[in-house]
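Chemist: Residue numbers (my numbering), protein chains in the order written: chain U, 1 to 111; chain W, 112 to 225.
The hints are simulated quantities; they were obtained by calculation from the structure and are not laboratory data. Nothing here was measured: the structure is a model prediction, and the numbers come from that model. Using N, Cα and C, we set each Cβ at its ideal position, and we do this for glycine too. Hints should not be assumed to be uniformly reliable.
Sample of chain W residues lacking proximity to chain U, with all beta carbon distances greater than 10 Å (derived) [as the list claims (entries may be wrong)]:
#	residue
1	Gln139
2	Glu169
3	Gly217
Lysine-lysine pairs mimicking BS3-like chemistry, simulated, CA-CA at most 30 Å apart [what the hints assert, rightly or not]:
#	chain 1	residue 1	chain 2	residue 2
4	U	Lys68	W	Lys118
5	W	Lys118	U	Lys103
6	W	Lys176	U	Lys3
Each chain, letter by letter, is given below.
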Amino acid sequence: EDKVVQSPLSLVVHEGDTVTLNCSYEVTNFRSLLWYKQEKKAPTFLFMLTSSGIEKKSGRLSSILDKKELFSILNITATQTGDSAIYLCAAHSNSGYALNFGKGTSLLVTP
Amino acid sequence: SAVISQKPSRDICQRGTSLTIQCQVDSQVTMMFWYRQQPGQSLTLIATANQGSEATYESGFVIDKFPISRPNLTFSTLTVSNLSPEDSSIYLCSVGPEAGNTIYFGEGSWLTVV
């Protein structure tokens with residue numbers, strides 16, 4: 001059975017801290033791994049990773065995939081209160097186009 | 112990216128009634144999906160909405176409870192039937208893969224059953 005596991009489940013940091021969110025996966029016919037940020041309702045797309053070792057970067061956020069060890073990390077540097085959200089990791093297989101989501105990491109950035 | 116509109120964004124319904132959620136995309140898309148997110152939980156796939164044929168349901172979800180329509184490549188509806196408080200969730204429409212296999216989500220429909 002395919003599964004995606006995120007850690008930690010919740011995290012509280014101070015503004016300016018750097019955080020690393022983890023996502024491990026076991027997915028048959030793995031195609032890609034996606035990261036989303038969810039603040040209120042709809043998850044907002046952050047990154048899609050398909051190749052090992054290639055870092056994707058957007059501002060203070062970056063992510064990388066390790067297909068040998070079956071995990072990905074999402075880094076956020078110089079955190080701001082606006083980064084407070086649930087960060088979702090999802091795996092996408094070649095056997096379909098639906099996503100298998102982890103439980104998410106709830107991040108709270110305090111002033 | 113595709114622009115996905117969902118209606119209603121929020122509703123409060125009486126138990127035993129039904130609610131139909133609409134999902135409209137601004138371009139033709141091959142794949143449309145419906146997800147449920149129960150309070151404090153992650154997203155769970157309900158079904159894949161297939162254009163011109165019956166939806167493909169995931170384990171634990173049945174057509175009688177969650178009938179889905181997909182009359183064309185830009186529109187789908189999800190009905191949640193015979194509502195109970197356990198159906199209180201966010202229901203999300205998603206489309207994909209678009210260019211680069213990215214999958215996008217609508218704004219979600221927040222259902223509360225009383």
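Chemist: Against this structure, judge whether each hint is valid.
Modeler: The hints, checked one at a time:
no. : hint                : in the structure
1   : Gln139              : holds, 15 Å
2   : Glu169              : violated, 8 Å
3   : Gly217              : violated, 6 Å
4   : U/Lys68 x W/Lys118  : violated, 42 Å
5   : W/Lys118 x U/Lys103 : holds, 26 Å
6   : W/Lys176 x U/Lys3   : holds, 26 Å
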